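Given only the sequences and the hints, what does the whole structure look like? Please build it.
Under our numbering, residues 227 to 562 are what the sequence shown spells out, in order.
In short, the hints are calculated from the structure, not lab data. Since the model is a prediction, treat every value here as computed from it, not as a measurement. By construction, the Cβ of each residue, glycine as well, lies at the ideal position given by its N, Cα and C atoms. Hints are not guaranteed to be accurate.
[As the list claims (entries may be wrong)] What follows is a set of in silico ranges between Cβ atoms, one per label pair, in the way DEER data are often shown:
| no. | residue 1 | residue 2 | range |
| --- | --- | --- | --- |
| 1 | H445 | E385 | 49 to 55 Å |
| 2 | R315 | L242 | 14 to 20 Å |
| 3 | L242 | S308 | 24 to 30 Å |
| 4 | E311 | R405 | 25 to 31 Å |
| 5 | G548 | K414 | 56 to 62 Å |
| 6 | A418 | M305 | 55 to 61 Å |
| 7 | G336 | L242 | 18 to 24 Å |
| 8 | R405 | A446 | 19 to 25 Å |
| 9 | G269 | M305 | 18 to 24 Å |
| 10 | R387 | G336 | 40 to 46 Å |
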Amino acid sequence: MSVLQGGLSPAALGELMPMFLWLDRHGVICAAGPTLTKILGPGPVVGTAFESHFHLRRARARRHEQDETHPGGRKLILMLLSHPEIGLRGTAVEVGPAGAEGMLLNLTFGIHLADAVREFGLTEGDFATSDLAIELLYLREAKAAVMDELRALNGRLEEARRAAERQALTDPLTGLANRRAFDGALQKAVRAQTQGGAPFALVLVDLDHFKQVNDRMGHAAGDQVLNWAAGILTEEVRRGDVVARTGGDEFVLLLRGAIDRAALQTLGRRMIARLEEPCVVDGTPCRISASIGIAFSRDYPVPEADRMLADADAALYDSKRGGRGRCSIHAAGAAA
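Structural data, given as structure tokens:
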């Protein structure tokens, strides 16, 4: 069977329908389009049974078709046995009088087009010029590219938003939290304790003799000392605590959790001792100290941020008046 009725050869038919199948009356493949041959290979295709390549999932007759036992003139849904995840759809029509020359199937991938192109390495040349498959594929790929770019843009915008937020809450010199960030953390800690959460301590640290470093060695040296001090304070607290720089040489710490007064005194003395060690800047030792004032949330029936800050500041000045390099905790009785 070299030509169809009317003299159309399989080669000419393949130009018009690269995914056609010509079956004889027994379901044996007599000819196949070049794209379908590419998909079904390697190995011979012509002379093999239809059922050895495809599983017929559905054959639905057209409205005018009366013979439901014969798939001629039907819309088909097939599955590739070698790639069950890839489905095909198409139409089957009888060839010759009463199907004497068999059946002609014209197939397409439908929604599985992109999967088939990727799996079989198909190109534009594997489809008929009149087939919209490539245009649909281009549209799908263009949409995917646009969506990828939108996701990337959204990611960049979100990262820029987070970076701007971090910048707005960060001290640019030391990288610590700034006053705005600390105020937010303090308000959150106050609300948590009023709702039965853990207590916390508020620690104000003021560097002693820092002005002399600035006056004697300049602001660049002073900045190095501030960064050195920020590192010490950060090392002395736990994960989850907050260390902030709120002024030129002023720092404030929010220590969360149950900490007794003796432990706070020990922590304060240790921080002062470390800050009194010389900080070497350009070969020159710089010596500072620190005065510390502490307010403890458990000393208040209902802790208030402004009241605690004022009381910690009063304790800080008690340390200053006591000779500096000291740690003072606000007296519980004075908070009533």
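These are the hints, each one checked on the structure:
1. H445 to E385: 49 to 55 Å: violated (33 Å)
2. R315 to L242: 14 to 20 Å: holds (18 Å)
3. L242 to S308: 24 to 30 Å: holds (25 Å)
4. E311 to R405: 25 to 31 Å: violated (59 Å)
5. G548 to K414: 56 to 62 Å: violated (32 Å)
6. A418 to M305: 55 to 61 Å: Given a distance of about 60 Å, which is inside 55 to 61 Å, the answer is holds.
7. G336 to L242: 18 to 24 Å: Holds - the Cβ-Cβ distance for G336 and L242, about 19 Å, lies within 18 to 24 Å.
8. R405 to A446: 19 to 25 Å: Because 24 Å falls inside the window, the suggested range holds.
9. G269 to M305: 18 to 24 Å: Holds: the Cβ-Cβ distance is about 19 Å, inside 18 to 24 Å.
10. R387 to G336: 40 to 46 Å: holds (42 Å)
The structure is inconsistent with the numbered hints 1, 4, 5, although it conforms to all the rest.
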